[in-house]
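Counted the way numbering that gives the first Met the number 0 counts, the first sequence spans residues 0 to 430.
Just so you know, these hints were derived from the structure itself, not from any lab.
Please note that the accuracy of each hint is not assured.
What the hints assert, rightly or not - Here are the computed distance ranges between Cβ atoms for each label pair:
1) 227 / 24: 18 to 28 Å
2) 107 / 212: 19 to 29 Å
3) 153 / 25: 44 to 54 Å
4) 63 / 229: 54 to 64 Å
5) 25 / 157: 49 to 59 Å
6) 24 / 226: 16 to 26 Å
7) 205 / 109: 27 to 37 Å
8) 235 / 416: 39 to 49 Å
9) 24 / 133: 19 to 29 Å
10) 359 / 429: 51 to 61 Å
11) 127 / 96: 43 to 53 Å
12) 162 / 254: 41 to 51 Å
13) 190 / 164: 20 to 30 Å
14) 339 / 147: 41 to 51 Å
Unchecked claim - List time: in silico DSS-like cross-link candidates among lysine-lysine, alpha-carbon distance up to 27 Å:
15) 88 / 42
16) 95 / 111
17) 168 / 183
18) 141 / 157
19) 256 / 321
20) 416 / 157
21) 111 / 42
22) 141 / 168
23) 426 / 256
24) 75 / 88
For every residue, glycine included, the Cβ atom is placed at its ideal position computed from N, Cα and C.
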Amino acid sequence: MLQVSYIRDNREQVLERLAVKNFKQPELVDEIIELDSKLRSTKTYLEKIQMQVNTTSKLIGELMRSGKKEEAEAIKSGTADVPGITDLKTLKDIAKEEGDNLVALEEELYQKLVLLPNLPHSSVPKGLTPEDNEVVLEHGEKPELPADALPHWELAAKYGLIDFELGVKITGAGFPVYKGKGAKLQRALINYFIDEAEKAGYSEVSVPLMVNEASGFGTSQLPDKEGQMYHVGIDNLYLIPTAEVPITNLYREVILKEDQLPVRNCGHTPCFRREAGSYGAHVRGLNRLHQFDKVEIVTIAHPDKSYEILELMSNHVQGLLKNLGLPYRVLRLCGGDMGFGSALTYDMETWSAAQQRWLEVSSVSNFETFQSNRLKLRFRNAEGKTQLAHTLNGSALALPRIVATLLENNQTEQGIKVPEVLVPYTKFEWI
RNA sequence: GGAGAGGUGUCUGAGUGGUCGAAAGAGCACGCCUGGAAAGUGUGUAUACUCCAAAAGGGUAUCGAGGGUUCGAAUCCCUCCCUCUCCGCCA
Numbered sequence: 000m001l002q003v004s005y006i007r008d009n010r011e012q013v014l015e016r017l018a019v020k021n022f023k024q025p026e027l028v029d030e031i032i033e034l035d036s037k038l039r040s041t042k043t044y045l046e047k048i049q050m051q052v053n054t055t056s057k058l059i060g061e062l063m064r065s066g067k068k069e070e071a072e073a074i075k076s077g078t079a080d081v082p083g084i085t086d087l088k089t090l091k092d093i094a095k096e097e098g099d100n101l102v103a104l105e106e107e108l109y110q111k112l113v114l115l116p117n118l119p120h121s122s123v124p125k126g127l128t129p130e131d132n133e134v135v136l137e138h139g140e141k142p143e144l145p146a147d148a149l150p151h152w153e154l155a156a157k158y159g160l161i162d163f164e165l166g167v168k169i170t171g172a173g174f175p176v177y178k179g180k181g182a183k184l185q186r187a188l189i190n191y192f193i194d195e196a197e198k199a200g201y202s203e204v205s206v207p208l209m210v211n212e213a214s215g216f217g218t219s220q221l222p223d224k225e226g227q228m229y230h231v232g233i234d235n236l237y238l239i240p241t242a243e244v245p246i247t248n249l250y251r252e253v254i255l256k257e258d259q260l261p262v263r264n265c266g267h268t269p270c271f272r273r274e275a276g277s278y279g280a281h282v283r284g285l286n287r288l289h290q291f292d293k294v295e296i297v298t299i300a301h302p303d304k305s306y307e308i309l310e311l312m313s314n315h316v317q318g319l320l321k322n323l324g325l326p327y328r329v330l331r332l333c334g335g336d337m338g339f340g341s342a343l344t345y346d347m348e349t350w351s352a353a354q355q356r357w358l359e360v361s362s363v364s365n366f367e368t369f370q371s372n373r374l375k376l377r378f379r380n381a382e383g384k385t386q387l388a389h390t391l392n393g394s395a396l397a398l399p400r401i402v403a404t405l406l407e408n409n410q411t412e413q414g415i416k417v418p419e420v421l422v423p424y425t426k427f428e429w430i
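Taking the hints into account, I'd like the entire structure generated from these sequences.
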């Protein structure tokens, strides 16, 4: 959520930035500014009334204590002739009315404020669709596979790695069952990713897989994307769509010391996504699932350092892909393709040789203060004042599409070759 | 799930209608003391919003959350949430 004070002071810039994100309701900006101005004048007025009530109450208190009961009663009933004291009943009536006004204005302002997405960073290209994303770099050779090469879902069946049918039986589509070397490959990747993250300075946390409403709100999955999460109605909890939610919320309502920054955490969790409405040819096999495993990296950063850190995180992810020997490219997402809360997002895609298409395996974003404003995640700056921190997160990495690409790209007549870095984890070299 | 207790500042903990944003202690920060440290000692130590061009300085709100009673609520009443203890169940 954007800060009202920022919108108020930077109207032109806000409008210009929102245009990059193809925001359809720029009129909201002026409506918000006007509401905010109304709200503040109402508040100031209400506070003056409150002050009079408080002052009068204090006076009554003093009189009561010194035994001047009659004078106190006179003020209460409004019959006293004390300079500067207005009839209390009138004051309270005004206060009640203005208080109601204030609540209504706050609600109205909030409803508009949550509709504004984050402002994109100046390097974000304009654009509407994924075609407008900027290819920052491409790395590695796309492997040439023989004509009879198989897509990963067929390889998974051939080698008995993943049973999609079994998943359908016990749960439903999008919940695969990993077996044998398939299960072990998963576990190897998770351990490898966690070890690499720790080497890079991220401390591992193991967090709950269900979160309450406040957490969903903090990282802005709620209220915007309610339908994308599985909801456990009986206890009003949400299954996490990404570890970003619990890990970032670890720091909700926290004031950090400046020298604690940057705070780095990593964690492995399953992720649950309803993916309502996305079906079709492109979601076969592991391409799109309702449940998948992911290692996430999260950083809480000083605002001056957050873009530097975003590059660091991007490089970390790229390092993993290089070590696994997967050809990849890095995209800088255009305004129209970016997430609601992000200021700058890099997507990493690996080349799936059998499907002949790029698969997104990571997304690294800087949210600046968009999340921390809601989270009330702050640090005490050099001047001793509290200031909102920047939050960043990225997948490092999401498993299924990595598995898909590994299987497809590494298939040979002798079987599927396991990348060298994984062998210490899998304990086997071939599938 | 049943019974009971309780939620106060960074922590411990006092506070049952007024001078309480809140005693006291601990911690922390800065200073004094010291050769240096400990001890001792002094001062300070919440957050948000808002008024003022800014600073200085005001104001309002916040003692789990929301509502109510009252001129006035941490304190009384109602609703909800959470934590702890015991019993039951259980990996």
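Next pair to validate is residue 168 with residue 183; report whether the Cα-Cα distance is within 27 Å. holds (22 Å)
Is residue 75 within 27 Å of residue 88, Cα to Cα? holds (8 Å)
Is the hinted range of 18 to 28 Å satisfied by the C-beta distance from residue 227 to residue 24? holds (22 Å)
Hint consistency between residue 141 and residue 157 [alpha-carbon to alpha-carbon, up to 27 Å]: With Cα atoms ~23 Å apart, residue 141 and residue 157 stay inside 27 Å; holds.
Using the beta carbons of residue 190 and residue 164, state whether their distance is inside 20 to 30 Å or not. Cβ of residue 190 to Cβ of residue 164: about 28 Å, so the range 20 to 30 Å holds.
For the hint 44 to 54 Å, verify it against the beta carbon of residue 153 and that of residue 25. Between residue 153 and residue 25, where Cβ atoms are some 49 Å apart, the hint holds.
Sort out whether residue 157 lies within 27 Å of residue 416, counting only the CA atoms. holds (15 Å)
Within a Cα-Cα threshold of 27 Å, do residue 141 and residue 168 meet the stated pairing? violated (36 Å)
Going straight from one Cα to the other, do residue 426 and residue 256 come out at no more than 27 Å? Between residue 426 and residue 256 the Cα gap is close to 43 Å, so the pair fails against 27 Å, i.e. violated.
Cβ-Cβ distance between residue 24 and residue 226: within 16 to 26 Å? holds (21 Å)
Using the Cβ atoms, figure out if residue 127 sits within 43 to 53 Å of residue 96. Holds, since residue 127 and residue 96 (Cβ atoms, about 47 Å apart) stay within the stated range.
Does residue 256 pair with residue 321 here, judged by a C-alpha cut-off of 27 Å? Answer violated: residue 256 to residue 321 is near 36 Å, above 27 Å.
Against the hints set out earlier in the document, violations occur for numbers 10, 19, 22 and 23.
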